[in-house]
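Peer 1: Start from the sequences and build out the full structure, keeping to the hints where you can.
Number of protein chains: 2
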Amino acid sequence: MPREFTHLLRPEEAKALFQKAFTPRPRGTEVVPLLEAFGRVLARDIIADMNLPPFDRSTVDGYAIRASDVADFNEALTIAGEVRMGELPVFSIGPREAARIPTGGALPSGADAVVMQEHVRLLDDRRIQLTRPVAVWENVIRKGEDVREGEVVLRAGTRLRPQEVALLAGLGRTEVEVYLVPRVAVIVTGDEIVPPEHFPRPGQIRDMNTYSLTGLIRGLGAVAHPYGIVVDEREVLLDVLRQASRTADMILVSGGSSVGERDVVAEAFTALGATIVVHGVAIKPGKPTILAIHEGKPLIGLPGHPVSAMVVFDVFVRELLEGMLGLTLRRGFGKEVRAKLARSLGPAKEREEHVRVALEERNGQLWAVPIIGKSGVITTMVKADGIVVVPVGGAVLPEGTEVDVRLFD
Amino acid sequence: MPREFTHLLRPEEAKALFQKAFTPRPRGTEVVPLLEAFGRVLARDIIADMNLPPFDRSTVDGYAIRASDVADFNEALTIAGEVRMGELPVFSIGPREAARIPTGGALPSGADAVVMQEHVRLLDDRRIQLTRPVAVWENVIRKGEDVREGEVVLRAGTRLRPQEVALLAGLGRTEVEVYLVPRVAVIVTGDEIVPPEHFPRPGQIRDMNTYSLTGLIRGLGAVAHPYGIVVDEREVLLDVLRQASRTADMILVSGGSSVGERDVVAEAFTALGATIVVHGVAIKPGKPTILAIHEGKPLIGLPGHPVSAMVVFDVFVRELLEGMLGLTLRRGFGKEVRAKLARSLGPAKEREEHVRVALEERNGQLWAVPIIGKSGVITTMVKADGIVVVPVGGAVLPEGTEVDVRLFD
Numbered sequence: 001m002p003r004e005f006t007h008l009l010r011p012e013e014a015k016a017l018f019q020k021a022f023t024p025r026p027r028g029t030e031v032v033p034l035l036e037a038f039g040r041v042l043a044r045d046i047i048a049d050m051n052l053p054p055f056d057r058s059t060v061d062g063y064a065i066r067a068s069d070v071a072d073f074n075e076a077l078t079i080a081g082e083v084r085m086g087e088l089p090v091f092s093i094g095p096r097e098a099a100r101i102p103t104g105g106a107l108p109s110g111a112d113a114v115v116m117q118e119h120v121r122l123l124d125d126r127r128i129q130l131t132r133p134v135a136v137w138e139n140v141i142r143k144g145e146d147v148r149e150g151e152v153v154l155r156a157g158t159r160l161r162p163q164e165v166a167l168l169a170g171l172g173r174t175e176v177e178v179y180l181v182p183r184v185a186v187i188v189t190g191d192e193i194v195p196p197e198h199f200p201r202p203g204q205i206r207d208m209n210t211y212s213l214t215g216l217i218r219g220l221g222a223v224a225h226p227y228g229i230v231v232d233e234r235e236v237l238l239d240v241l242r243q244a245s246r247t248a249d250m251i252l253v254s255g256g257s258s259v260g261e262r263d264v265v266a267e268a269f270t271a272l273g274a275t276i277v278v279h280g281v282a283i284k285p286g287k288p289t290i291l292a293i294h295e296g297k298p299l300i301g302l303p304g305h306p307v308s309a310m311v312v313f314d315v316f317v318r319e320l321l322e323g324m325l326g327l328t329l330r331r332g333f334g335k336e337v338r339a340k341l342a343r344s345l346g347p348a349k350e351r352e353e354h355v356r357v358a359l360e361e362r363n364g365q366l367w368a369v370p371i372i373g374k375s376g377v378i379t380t381m382v383k384a385d386g387i388v389v390v391p392v393g394g395a396v397l398p399e400g401t402e403v404d405v406r407l408f409d
Numbered sequence: 001m002p003r004e005f006t007h008l009l010r011p012e013e014a015k016a017l018f019q020k021a022f023t024p025r026p027r028g029t030e031v032v033p034l035l036e037a038f039g040r041v042l043a044r045d046i047i048a049d050m051n052l053p054p055f056d057r058s059t060v061d062g063y064a065i066r067a068s069d070v071a072d073f074n075e076a077l078t079i080a081g082e083v084r085m086g087e088l089p090v091f092s093i094g095p096r097e098a099a100r101i102p103t104g105g106a107l108p109s110g111a112d113a114v115v116m117q118e119h120v121r122l123l124d125d126r127r128i129q130l131t132r133p134v135a136v137w138e139n140v141i142r143k144g145e146d147v148r149e150g151e152v153v154l155r156a157g158t159r160l161r162p163q164e165v166a167l168l169a170g171l172g173r174t175e176v177e178v179y180l181v182p183r184v185a186v187i188v189t190g191d192e193i194v195p196p197e198h199f200p201r202p203g204q205i206r207d208m209n210t211y212s213l214t215g216l217i218r219g220l221g222a223v224a225h226p227y228g229i230v231v232d233e234r235e236v237l238l239d240v241l242r243q244a245s246r247t248a249d250m251i252l253v254s255g256g257s258s259v260g261e262r263d264v265v266a267e268a269f270t271a272l273g274a275t276i277v278v279h280g281v282a283i284k285p286g287k288p289t290i291l292a293i294h295e296g297k298p299l300i301g302l303p304g305h306p307v308s309a310m311v312v313f314d315v316f317v318r319e320l321l322e323g324m325l326g327l328t329l330r331r332g333f334g335k336e337v338r339a340k341l342a343r344s345l346g347p348a349k350e351r352e353e354h355v356r357v358a359l360e361e362r363n364g365q366l367w368a369v370p371i372i373g374k375s376g377v378i379t380t381m382v383k384a385d386g387i388v389v390v391p392v393g394g395a396v397l398p399e400g401t402e403v404d405v406r407l408f409d
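Top to bottom, those sequences are chains Y and P. Heads up, the first sequence is in the working numbering, so the first residue is 1 and it goes up one at a time. Heads up, the second sequence is in the working numbering, so the first residue is 1 and it goes up one at a time.
Simulated from the structure, these hints should not be mistaken for lab results. Treat the hints with care, as some may be off.
Identical copies look the same in the list; a pair holds intra-copy or inter-copy alike.
[Stated by the list, open to error] Mimicking DSSO-like on lysine-lysine, the simulated pairs with C-alpha atoms at most 27 Å apart in a straight line are:
id, residue 1, residue 2
1, K15, K287
2, K335, K383
3, K287, K143
4, K143, K383
5, K374, K340
6, K284, K143
7, K297, K340
8, K287, K383
9, K143, K374
10, K297, K287
11, K335, K143
12, K287, K20
13, K374, K15
14, K383, K297
15, K20, K383
16, K297, K374
No experiment lies behind these values; they were computed from the predicted model shown.
Peer 2: So this is what it looks like as C-alpha cells:
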C-alpha cells in the first residue's frame, strides 16, 4: 500500500470497486413476535389470506338501508332490527326497511348503505324518515376495501413502521419473519487513546469513536459489539480481528490517523488474510479510509479523528449496513433538506469536502451555516444538523447558493 | 358531554385549553451507563471539567517547529527529538529546531506549529528543510479548541445523538443523568375487536391499534404498556383504568367510534375521577378525541378507526410525550418537506383535514399524491409517507399548490 496515498480514489470509484468485491445481504432470517417487529426489515412478501375488513362495515352511527331501493328519500322506512357490535346480524333488510347500526357494525344482508343518524327523523318507535338522499355504499367500508384476499400487502425489504405492524396484526400475523440484524465489531486503535473511565495522562486522550460508532450502528437497527481500545501493534490487533471475525458480520477499526498506525491496520488486515480493495479516498475528512474483505465480511478502516470516522461511516458504512439489514425498499424523504449557504464554501481542489453545517431558519428561509473546525473537534458535530458536500473540481459555492443538506438521523 | 358534538373545538383551541390544565414534564431522572444513553434526553447541563484536547495536538504527520521563529522557511532545522503517541515530550523545541511528530501527538514545549512531512526535505539524519512557509498554529488543534474547561457543552433537554455521547466519553463521563422515560398505557376498547391470534367471527375485526400506538410510543423513546382489549362496559373499563393509573404516566384509550362506546370511555374517565377538558375536536379524522386529566396524568381518548387513532396521536399525544420526555431542545429539521399537490384538496368546511399523502419525485420535483380512503383503512397509512393539513375555512388547494408534508418518523 502506498504510504503517502499517491493515488486517491474518488468516493464513487471506491464504492464501485468495493461493490464488485462485496454484495451486502442479510445473513439469514428469524421469526419474531409482532410487538418486537418495529423497525425490523421484512424478510418475505406478505400475502393476505383474508379480506380486510372481512365484512361490509358501517363507518358511522345510523341506519343500514337499501339505498338502491329508496327512490324517494322522504318515504318512511320501517326499523327491522338493530345491529350489535361484533355480531353478524341474523336478520336481513328488505325494501323500505332499516336497521339501527353502530360505527363498525356489520351491514345486515340486503343493506347497501348507511344513513347517519343526524340525517334521520324518528317518526315513531318503528319508523324513520331520511332528511337527505343517500348514495349506494355511502358510509360503508366494503368487505376487502382495505385488503383483498390474495393481495401482496407488504414486500420483503420493507422496514416495519407502526402502520405496517398494525396491518400485520389486522391480518392475524402474531409473528413475522424478519432479516437477522448484522453484528458489527467496533475496534479502536491508538496508543494515545484511553477509555473514558481513565484520567488521561499528558499526551493521552479519551476514546470517543467507540461511542459515536456504536450509536450510528444502533441507529440503523444493527447490533454493535464494542471491543474497546487495542494497542497499535500488528500482532495484538490481528488477534482481536481474529476474535471479532468469528462472530461479527462487519468489522470497523477506527484509528490510524498517523502513517505508522495506518500501516498497522492495513498490515493486520493483510495478515488476517483479508483483501484490501481500497486504501485512501479523495474525501475530506476521511482520506485514510480502508475498505477490505475477509471471508465475505467487510473490514473497514476508519480514520481516528472523531469527525472523520463519523463522515466515513456516513459515506461508506451506512449503505453497506442497510444492504446487510436487507433494506431494499427505502423511504428516502426527509433525509435531506434544501438550504442556502450562509457563507461561501470551496473550491474543493483534490478531495470532495464534507462540511458540517448548522441549520437556521430566518424569515421562512432555511440557511446552512458552515461550522469551521478541524476533524478532531467533536463539538463541531454536536453543533451540526447535517453535512453539505462540496464536489471536487467545481468553483467556489458563493454565499446564498442553494445546497442539499444531508441530515443526521 | 354532548352526545352529538354540537360544539367542536379547533385543534389549537383544544391544545391551548389542555395546556392550561396540564404541563407535561419528566417524572424524574436516572443515571445510565454511557452506552445506554443513546436517544435519551439529558437531565442536566454538562459543564466541562477539563480542556479538550487537554494539550496542543498535531493534526498531521510531520515536524513540530517554532513557526514564529522561522523567518526564512528555507533555513535548515535541526531534529531535536521525536514525539511518541500518548506521551508528553520531555524535550522542548528551541529556535531552528524541529521534532518528528505523528498525527495526534502532543506538541513539545516551544513548538507552535507542525509542518506536514510532505512539505519537508530531509537534508541528512539530523536536519530538515521546509519546502513552503508555515503559519503559527498551522496543523495544530490547540488545547481547549474543542471544549474549554468550565464551558457548558450540552444543555438539559437535548436528545443524545451519537456525537453527544461521544463528547461525553471524551470528557470522561461514563454515566449520564437522563430523564426517566414516560410509561404509556395502551387500552383498546370495542366489542367487535379480537386479538390478532383469534380468528374473527363474522362481525368481528382484529385489534390493530395496540400495535400502531405501541410503535408510535416506542418510536418517540417512551415505554408502552399494552393492556389489550377491554369490553365496552363502564365498570370493566374503570377497573382497567384504575390498574393502569397506578403505574402509567399517561393512558391512551382507543375505541369509542360509535356514540355508545364514546359515552362509555367518557363515563369511565369521569367515574375514575378524571376531569374531561376536551371532548370532540374539529379535526378529520379524529373528531371523537377526549383529553382528560387524572391525578396529574393525561388520559387521552382516541378514535377507534386505525388511521384516526394515528392522526390524533400525531396531533395531540406526540407533543405531550415529548414534554414528558423532557425534550425541550428539539431539532425539527427533516420532519417536513415541501411538495406540490398532485391533486386538488379541500375545501375543509367544518373540520381541519389531515390527508395522507405518498411522495413521488418526478424530474427533481417532489409531488404529494393524496391517498383516498376511509379512516378505517390502514393500508392508506401503509402507502403514505406523511400528512398534509387542509385548514378550515380556506379555499380549494388546487393541483400544483406547494404544501408542507409532515413526514412519518
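Peer 1: Now tell me, hint by hint, if it's right for this structure.
Peer 2: Hints versus structure:
no.: 1; hint: K15 with K287; result: within (14 Å within a copy, 51 Å between copies)
no.: 2; hint: K335 with K383; result: both (18 Å within a copy, 19 Å between copies)
no.: 3; hint: K287 with K143; result: between (59 Å within a copy, 24 Å between copies)
no.: 4; hint: K143 with K383; result: between (53 Å within a copy, 19 Å between copies)
no.: 5; hint: K374 with K340; result: within (23 Å within a copy, 40 Å between copies)
no.: 6; hint: K284 with K143; result: between (57 Å within a copy, 23 Å between copies)
no.: 7; hint: K297 with K340; result: neither (40 Å within a copy, 43 Å between copies)
no.: 8; hint: K287 with K383; result: within (23 Å within a copy, 41 Å between copies)
no.: 9; hint: K143 with K374; result: between (62 Å within a copy, 13 Å between copies)
no.: 10; hint: K297 with K287; result: within (22 Å within a copy, 53 Å between copies)
no.: 11; hint: K335 with K143; result: neither (38 Å within a copy, 35 Å between copies)
no.: 12; hint: K287 with K20; result: within (21 Å within a copy, 55 Å between copies)
no.: 13; hint: K374 with K15; result: within (25 Å within a copy, 45 Å between copies)
no.: 14; hint: K383 with K297; result: neither (34 Å within a copy, 35 Å between copies)
no.: 15; hint: K20 with K383; result: neither (37 Å within a copy, 34 Å between copies)
no.: 16; hint: K297 with K374; result: neither (32 Å within a copy, 47 Å between copies)
In this structure, the earlier hints numbered 7, 11, 14, 15, 16 are contradicted, and the remaining ones agree with it.
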